[in-house]
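Undergrad: Given the coordinates of chain A, assemble chain B onto it according to the supplied hints.
Chains A and B, in that order, give the protein sequences. If you count the first sequence from 1, you need to add 8 to reach our numbering. If you count the second sequence from 1, you need to add 8 to reach our numbering.
Incorrect hints may have been included.
Copies of the same chain are indistinguishable here, so a pair counts whether it falls within one copy or spans any two.
Claimed, not checked - Result set (PhoX-like, lysine-lysine): computed pairs, CA atoms no more than 20 Å apart in a straight line:
| id | residue 1 | residue 2 |
| --- | --- | --- |
| 1 | 170 | 145 |
| 2 | 252 | 207 |
| 3 | 235 | 207 |
| 4 | 18 | 145 |
| 5 | 248 | 207 |
Read the hints as simulated data drawn from the structure, not as lab findings.
Number of protein chains: 2
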Amino acid sequence: MTYCIAVAVKDGLVLTSDSRTNAGIDHVSVHCKMHVLPTFMDRKIILLSAGNLGTTQAVLDSLRRDIKENATTNLNTVRYLSEAAEYLGQLSVEKQQRHANAGQSGFFPAATFLLAGQISGEAHGAYLIYPEGNYIKTSSQTPYLQIGENKYGKPVLDRFLKIDTSLDEVARCCLISMDSTMRSNASVGPPIDLLIYRKDSLSLDEYYNFQDDDEYLIQVRRVWQEKLSEGFAALPDLNKQDCKAFEPAE
Amino acid sequence: MTYCIAVAVKDGLVLTSDSRTNAGIDHVSVHCKMHVLPTFMDRKIILLSAGNLGTTQAVLDSLRRDIKENATTNLNTVRYLSEAAEYLGQLSVEKQQRHANAGQSGFFPAATFLLAGQISGEAHGAYLIYPEGNYIKTSSQTPYLQIGENKYGKPVLDRFLKIDTSLDEVARCCLISMDSTMRSNASVGPPIDLLIYRKDSLSLDEYYNFQDDDEYLIQVRRVWQEKLSEGFAALPDLNKQDCKAFEPAE
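Bound conformation, chain A alone (with noise of 0.2 Å):
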């Protein structure tokens, strides 16, 4: 399983991912997740990947070599961050279809990418490009999207971010969804890749990669770990006058 997520605020993008690959529970390897391809200056596309391996290192290929040989559609052509979801979309149902028309009825080798970035004179954003090739993107509702092993970390999530969250903010929290996530299921699991992406900077230079045992990480987790606990221990008693018996229903 795999667990990443793309924040895109006022002030930019943050993007977050595991490292934990499994094709079954005795091939359990380490993949970075997160990618970025050689484009232009003006540009930056960062891809952020969940599902079967071979389909999403297939699609990467695709795109590194359509940039290669100048294709009529690639990265560097796109002149929206739409039109590339388009485009990986496109590129992602093709290789998913050539395997599942070759190989044992019932296998489909879905894969689910975040596409996130900005191209100059766009505005930033992030995109969810779904198996089937169609996508959606975030919103100043709901500034986030997740693929993989989502719903562990969802909550926190929901609880602190806002459109005009802070860049530093959204990586703590994104951190501590991660965190929850990597403690709920063995399935994900360290390194974890953490880039930040300040709007119009068209510069990747924030980027961060914590091995389990990083001291920052620790903090983090003993910090939130420590002010829950204390949270807990804060809330108030029931009122026991305000429980009765509980009786059969008929």
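TA: Same frame as chain A, now just chain B:
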């Protein structure tokens, strides 16, 4: 959807359930998912149900009829909770198969149950009965079981539930877990049923039914959100000197 939790700690049991059922998004209604059957005074057996409402109601009706007609096996004849779990599993499979075979292909009215309580002379306990009729129980390492929409509310249970956590603390933890789930999933909704069972009491007189506007529930939510926000604000800043440029991989 549904969300129910059964916790078995040293001091007894805490059972929590939501009350929203839906058969499609335009057929949403309120059904209590916590049930106690009219058994002898030497036992208290409580059920929580998730899944197909037809199946769960059919199972409950059979349990009631078997008690009334003094069937060879009924909740009054079983000597152990594990026996009750086995019996419930059998009934559940029977009801599911009857309708699975009579209806449209692809229709399988699965249901999952939590069964908890105590039979005099035996330890209290909690069991999860799968749609296939088999079951698992809690352990001292993992003192809780969940059915229904279980992921959003799991991290908080993982953080705070230990085998020696007090019943009142367990109750607060379950309310927090339920609240996180209701925030993130519209198919889980109030009122919330909460039942605290103190071991060896054979009494069910600590039952709470929280409507969405319950003052206590609102207070718990407010304190929890405040404390989480404080915790979030207390998280250490990223060490900017640790960041580097994110480079395209080959």
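Undergrad: Are the hints correct? Go through all of them and say.
TA: So, going through the hints one by one against the coordinates:
no.: 1; hint: 170 / 145; in the structure: within (15 Å within a copy, 40 Å between copies)
no.: 2; hint: 252 / 207; in the structure: between (57 Å within a copy, 18 Å between copies)
no.: 3; hint: 235 / 207; in the structure: neither (32 Å within a copy, 31 Å between copies)
no.: 4; hint: 18 / 145; in the structure: within (14 Å within a copy, 48 Å between copies)
no.: 5; hint: 248 / 207; in the structure: between (53 Å within a copy, 18 Å between copies)
In this structure, the one hint that does not hold is number 3.
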